[in-house]
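Asker: Here's the letter readout for the chains.
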Amino acid sequence: DTAVSQTPKYLVTQMGNDKSIKCEQNLGHDTMYWYKQDSKKFLKIMFSYNNKELIINETVPNRFSPKSPDKAHLNLHINSLELGDSAVYFCASRGAGGPDTQYFGPGTRLTVL
Amino acid sequence: GDSVTQMEGPVTLSEEAFLTINCTYTATGYPSLFWYVQYPGEGLQLLLKATKADDKGSNKGFEATYRKETTSFHLEKGSVQVSDSAVYFCALTLYSSASKIIFGSGTRLSIRP
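Residue numbers (our numbering), protein chains in the order written: chain A, 1 to 113; chain B, 1 to 113.
No lab work stands behind these hints, which were simulated from the structure alone.
On a predicted model such as this, the values are computed, not experimentally measured, just so you know.
The beta-carbon is built from N, C-alpha and C at its ideal position, and this holds for glycine as well.
Errors might be hidden in some of the hints.
[Said to hold, decoys possible] Using 30 angstroms as the maximum straight-line C-alpha spacing, the simulated DSBU-like pairs for lysine-lysine come out as follows:
#1 A:Lys71 - A:Lys9
#2 A:Lys36 - B:Lys52
#3 A:Lys9 - A:Lys40
#4 A:Lys67 - A:Lys19
#5 A:Lys44 - A:Lys67
#6 A:Lys67 - A:Lys36
#7 B:Lys52 - A:Lys22
#8 B:Lys60 - B:Lys77
#9 A:Lys22 - A:Lys41
#10 A:Lys40 - B:Lys77
#11 A:Lys22 - A:Lys44
#12 A:Lys41 - B:Lys52
#13 B:Lys56 - A:Lys71
#14 A:Lys9 - A:Lys22
#15 A:Lys44 - B:Lys60
#16 A:Lys41 - A:Lys19
#17 A:Lys36 - B:Lys60
#18 A:Lys41 - A:Lys67
#19 A:Lys22 - B:Lys68
#20 A:Lys36 - A:Lys19
#21 A:Lys52 - A:Lys67
#22 A:Lys52 - A:Lys19
#23 A:Lys71 - A:Lys19
#24 B:Lys52 - B:Lys68
#25 A:Lys71 - A:Lys36
#26 B:Lys68 - A:Lys44
#27 A:Lys9 - B:Lys68
#28 A:Lys9 - B:Lys56
#29 A:Lys67 - A:Lys22
#30 B:Lys56 - A:Lys19
#31 A:Lys36 - A:Lys52
#32 B:Lys56 - A:Lys41
#33 A:Lys36 - B:Lys77
#34 A:Lys71 - A:Lys22
#35 A:Lys40 - B:Lys60
#36 B:Lys77 - A:Lys67
[Claimed, not checked] Far from chain B, some chain A residues (derived; all Cβ distances over 10 angstroms):
#37 Asp18
#38 Lys40
#39 Ile56
#40 Ser65
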């Protein structure tokens, strides 16, 4: 009964391909996030959705397109993958009201060759 | 803009040593402050948090006090164990519908037996 789950855990692909990462939370939270962690462990927010509505887009290239079919899911689709997209991508969710704790998924390690 | 600065690592200590990891922040409002921990190969877990000035967060022997006058939230533990080896992230959020997390750069901690 994992709270925030991501698939796949590892993703190795060639430059130029299109890939998706899926995230699901069973916490009943309203808000979900995608973060990117680079090779130096630096974490930066990419997107946030609240009740299926995009509320944060941190100047991420438009090759990255988040999609939220319902408030329990936030998927990340990446077109035309580049070497610099190699990173660990974390999904997170947060309940309603106030700057409450965010719960993180286990991460997806993306390697672009 | 809002930001978090934490001491650079890696930090290497012997078991049972005293630990301090410094963290200071810059924020336009009144943030909530967090320490997250990332064990090798895993996602982020909340370690502790404080939501207002002078609050002390504590968990697993770790403590941090929200100091508004020095804009700091230093992490301390009296006696570290090998199992504490991980990367520690100081972070803040400001109240809004988005409440994105702004992370520090992370501090890698290694404990020698």
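Asker: Decide if the proposed pair is consistent with the structure: lysine 52 (chain B) and lysine 68 (chain B), CA atoms, cutoff 30 angstroms inclusive.
Answerer: holds (8 angstroms)
Asker: Given the hinted pair lysine 77 (chain B) and lysine 67 (chain A), is their alpha-carbon gap at most 30 angstroms?
Answerer: violated (41 angstroms)
Asker: Does lysine 56 (chain B) sit within 30 angstroms of lysine 9 (chain A), going by the straight-line distance between their CA atoms?
Answerer: Violated: lysine 9 (chain A) and lysine 56 (chain B) sit about 35 angstroms apart, past 30 angstroms.
Asker: Would you say aspartate 18 (chain A) is clear of chain B, with no C-beta pair closer than or equal to 10 angstroms?
Answerer: Since the minimum Cβ distance to chain B is about 25 angstroms, aspartate 18 (chain A) lies beyond 10 angstroms and the statement holds.
Asker: Regarding the pair lysine 22 (chain A) and lysine 68 (chain B), is the alpha-carbon distance no greater than 30 angstroms?
Answerer: violated (39 angstroms)
Asker: Is lysine 41 (chain A) within 30 angstroms of lysine 67 (chain A), Cα to Cα?
Answerer: holds (25 angstroms)
Asker: Measure nothing beyond the straight line between the CA atoms of lysine 41 (chain A) and lysine 19 (chain A); if it is 30 angstroms or shorter, mark the hint as holding.
Answerer: Roughly 22 angstroms separates the two Cα atoms, so the pair holds.
Asker: Need the status of pair lysine 52 (chain A), lysine 19 (chain A): alpha-carbon distance at most 30 angstroms?
Answerer: Holds. Lysine 52 (chain A) to lysine 19 (chain A) sits at ~21 angstroms (cutoff 30 angstroms).
Asker: Holds or violated: lysine 44 (chain A) with lysine 60 (chain B), Cα cutoff 30 angstroms?
Answerer: Given pair lysine 44 (chain A), lysine 60 (chain B) holds - Cα atoms ~26 angstroms apart, limit 30 angstroms.
Asker: Is the Cα-Cα distance between lysine 36 (chain A) and lysine 77 (chain B) 30 angstroms or less?
Answerer: holds (29 angstroms)
Asker: Should the label of isoleucine 56 (chain A) as a non-interface residue stand, given a Cβ cut-off of 10 angstroms to chain B?
Answerer: Isoleucine 56 (chain A) not clear of chain B: closest Cβ-Cβ about 5 angstroms, inside 10 angstroms.
Asker: Between lysine 60 (chain B) and lysine 77 (chain B), is the straight-line Cα distance small enough, at 30 angstroms or below?
Answerer: The given pair, whose Cα atoms are some 9 angstroms apart, holds under the 30 angstroms limit.
In this structure, the hints that do not hold are numbers 7, 13, 19, 27, 28, 30, 36, 38 and 39, in rising order.
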